[in-house]
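With the sequences and hints as input, model every part of the structure.
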Amino acid sequence: MVSWTVIGIIIAVLVVLVIILYNSIIRLKLQVKNALAQIDVQLKRRNDLIPNLVETVKGYMKHEKRVLETTTKARSAMLSAKTMKEKASASNMISDTLKTLFAVSENYPQLKANENFLQLQEELAGTENKISYARQHYNDIVMEYNTKIKVFPNTLFAKWFKFTDELMFEAAKEERKQVKVKF
Amino acid sequence: MRIAFNEVRNNKFKSVLLASLFILIIGFLGAVIGVAYGNLYFGLIIAVLFSIIYSLIGYYSGDRMILSMSGAREVTKREFPYLFHTIEGLSIAAGIPKPKAYVIDDSALNAFATGRDPKNASITVTTGLLKKLNRQELEGVIAHEMSHIKNYDVRFMMLTVILVGIIVLLSDFLLRSFWYGGHGDRRGKGNLGIIIILFAVVLAILAPIIGNLIKLAISRKREFLADAHGAILTRYPPGLAGALKKISKDPDPLVDKANKATAHLFISTPFRKKTGIITNLFSTHPPIDERIKRLEEM
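Protein sequence lines correspond, in order, to chains A and B. Taking numbering that gives the first Met the number 0, I'd label the letters of the first sequence as residues 0 to 182. Taking numbering that gives the first Met the number 0, I'd label the letters of the second sequence as residues 0 to 297.
There's no promise every hint is true.
Stated by the list, open to error - No more than 30 Å apart at the CA atoms, straight line, and that leaves these computed lysine-lysine pairs for DSSO-like:
{"hint": "1", "chain 1": "A", "residue 1": "32", "chain 2": "B", "residue 2": "11"}
{"hint": "2", "chain 1": "B", "residue 1": "11", "chain 2": "A", "residue 2": "147"}
{"hint": "3", "chain 1": "B", "residue 1": "76", "chain 2": "A", "residue 2": "32"}
{"hint": "4", "chain 1": "B", "residue 1": "292", "chain 2": "B", "residue 2": "248"}
{"hint": "5", "chain 1": "B", "residue 1": "97", "chain 2": "A", "residue 2": "32"}
{"hint": "6", "chain 1": "A", "residue 1": "86", "chain 2": "B", "residue 2": "76"}
{"hint": "7", "chain 1": "B", "residue 1": "97", "chain 2": "B", "residue 2": "11"}
{"hint": "8", "chain 1": "A", "residue 1": "86", "chain 2": "A", "residue 2": "57"}
{"hint": "9", "chain 1": "B", "residue 1": "97", "chain 2": "A", "residue 2": "98"}
{"hint": "10", "chain 1": "B", "residue 1": "245", "chain 2": "B", "residue 2": "131"}
{"hint": "11", "chain 1": "B", "residue 1": "99", "chain 2": "A", "residue 2": "32"}
{"hint": "12", "chain 1": "B", "residue 1": "97", "chain 2": "A", "residue 2": "84"}
{"hint": "13", "chain 1": "A", "residue 1": "43", "chain 2": "A", "residue 2": "72"}
{"hint": "14", "chain 1": "B", "residue 1": "97", "chain 2": "A", "residue 2": "43"}
{"hint": "15", "chain 1": "B", "residue 1": "97", "chain 2": "B", "residue 2": "130"}
{"hint": "16", "chain 1": "A", "residue 1": "84", "chain 2": "A", "residue 2": "43"}
{"hint": "17", "chain 1": "B", "residue 1": "118", "chain 2": "A", "residue 2": "147"}
{"hint": "18", "chain 1": "A", "residue 1": "43", "chain 2": "A", "residue 2": "81"}
Rather than coming from a laboratory, the hints here were simulated on the basis of the structure. Computed from a predicted structure; not experimentally measured.
Okay, structure coming up:
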């Protein structure tokens, strides 16, 4: 009689522990989703700013057609990107072309005096920063989630509930190198 | 970035402890005054009611009181896009809602954060700071403040300003009435002597408690922790180190916009620098050189 009670208590405690574990993993998973949405918000914001920038710059930079074209192309690549990998590479492409564009703009003093351009430049620099922070936050959370479902004994339950690894949002390798500006 | 859950729990617990202590002290004061006037319960109940209401007001609008005390004004994105973007970016990195942005029009270099939780928080910087720091340095400072918000330092520090502030005021008032009570018109009341003795006793009890509360609030560990968490946020410790260097070389602290009660909120002490062991022991901030050294070693 007594032994049955003991077994019952042990089972009850185990069930409660598994429920707590399950909930904490789900909570993290939602945070991962939320962090990913944050990246998307910033990526979209940047994409919305680019047409304005191209429009403003067009009149001044008559000899830099190629730069403007690649910027527009990178933007449409971003729009059609579906998977995280595609998004990451399209996002890095935009970052690079924008860097080139702003570097080239240094040669146009009239453009540098344009109020609208300066505003867009600050806005885009801010958004660029936010993208990298959003990406950093996302990667932090993903790392926490991936660790959580891999440590023992969590890993046993993770398989039951079909929790799988989330992908990190990779930074481009070029970002670590010096940026080359082609004229 | 994850801040140890401990840190948050610790700050929430300390806040409750502080409010309870406050209610206890004021209640005790009320009881003493009640006894002096012949009705203990009346004094006690009035005092406890007052202290509960005051604590609630402090909890819900203490940040606004502190902001107006410091002469800070809320700014729009149009006015300070650069500050706005920095705050927004780092709140994304920390995974908390964007705090409101405030500015103090002053050439001094300083900053502070306040609020009751990450959803109701604000970051204030001086216009001098915006002018003299570069982007990495400003990010370092904002990240430091963001960490204060994320681990609920702001709640505890705000309550300290509001609750300890009024106790200091009250005990100043009591002390004054103790010194000057003997002079002038006595109105022929026989129990004045008792009141004076009671006040003396109360003051003797209050003084060490207040001292300990302030020590609790200004724990230097808090600043070092916020520096470290801030560095994790920006992934670039030299940013904050550079900012602290500029701040320490700044000859003009924020004397007129800060007072003893709000001093511990700021990223660097708003008073003129004094050297010496005693001032160091009671200062509200760890020595800035020590903070820079730790950041550079990261």
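Status of the hints after comparison with the structure:
1. Our distance criterion of 30 Å between C-alpha atoms is met by residue 32(A) and residue 11(B), whose separation comes to about 28 Å.
2. Taken as a hint, the residue 11(B) and residue 147(A) pair is honoured in the structure, with Cα atoms around 26 Å apart against an allowance of 30 Å.
3. For the hint pairing residue 76(B) with residue 32(A), the CA-to-CA distance comes to about 28 Å; that is within 30 Å, so the pair holds.
4. The suggested pairing of residue 292(B) with residue 248(B) holds, with an alpha-carbon distance near 15 Å, which does not exceed 30 Å.
5. Among the hinted pairs, residue 97(B) with residue 32(A) is consistent with the structure: their alpha-carbon atoms are about 19 Å apart, no more than 30 Å.
6. Only pairs whose Cα atoms come within 30 Å are accepted, and residue 86(A) paired with residue 76(B) is accepted, the gap being roughly 29 Å.
7. Taking the CA atoms of residue 97(B) and residue 11(B), the gap is about 21 Å. The hint holds against a cut of 30 Å.
8. At most 30 Å may separate the alpha-carbon atoms for a hinted pair to count; residue 86(A) and residue 57(A) meet this at roughly 27 Å.
9. Of the pairs offered as hints, the one joining residue 97(B) and residue 98(A) holds, with about 27 Å between alpha carbons and a cut-off of 30 Å not exceeded.
10. Restraint check for residue 245(B) and residue 131(B): satisfied, since their Cα atoms lie roughly 8 Å apart, inside the 30 Å limit.
11. A distance of roughly 25 Å separates the Cα atoms of residue 99(B) and residue 32(A); the hinted pair therefore holds under the 30 Å criterion.
12. Among the hinted pairs, residue 97(B) with residue 84(A) is consistent with the structure: their alpha-carbon atoms are about 28 Å apart, no more than 30 Å.
13. The suggested pairing of residue 43(A) with residue 72(A) holds, with an alpha-carbon distance near 15 Å, which does not exceed 30 Å.
14. Distance check on the hinted pair: residue 97(B) and residue 43(A) sit about 19 Å apart at the alpha-carbon level, within 30 Å; holds.
15. For the given pair, residue 97(B) sits about 22 Å from residue 130(B) by alpha-carbon distance, which is consistent with the 30 Å threshold.
16. The suggested pairing of residue 84(A) with residue 43(A) holds, with an alpha-carbon distance near 16 Å, which does not exceed 30 Å.
17. For the hint pairing residue 118(B) with residue 147(A), the CA-to-CA distance comes to about 27 Å; that is within 30 Å, so the pair holds.
18. The hinted pair formed by residue 43(A) and residue 81(A) meets the criterion: a straight-line CA distance of about 13 Å does not exceed 30 Å.
Of the numbered hints given earlier, the model fails none.
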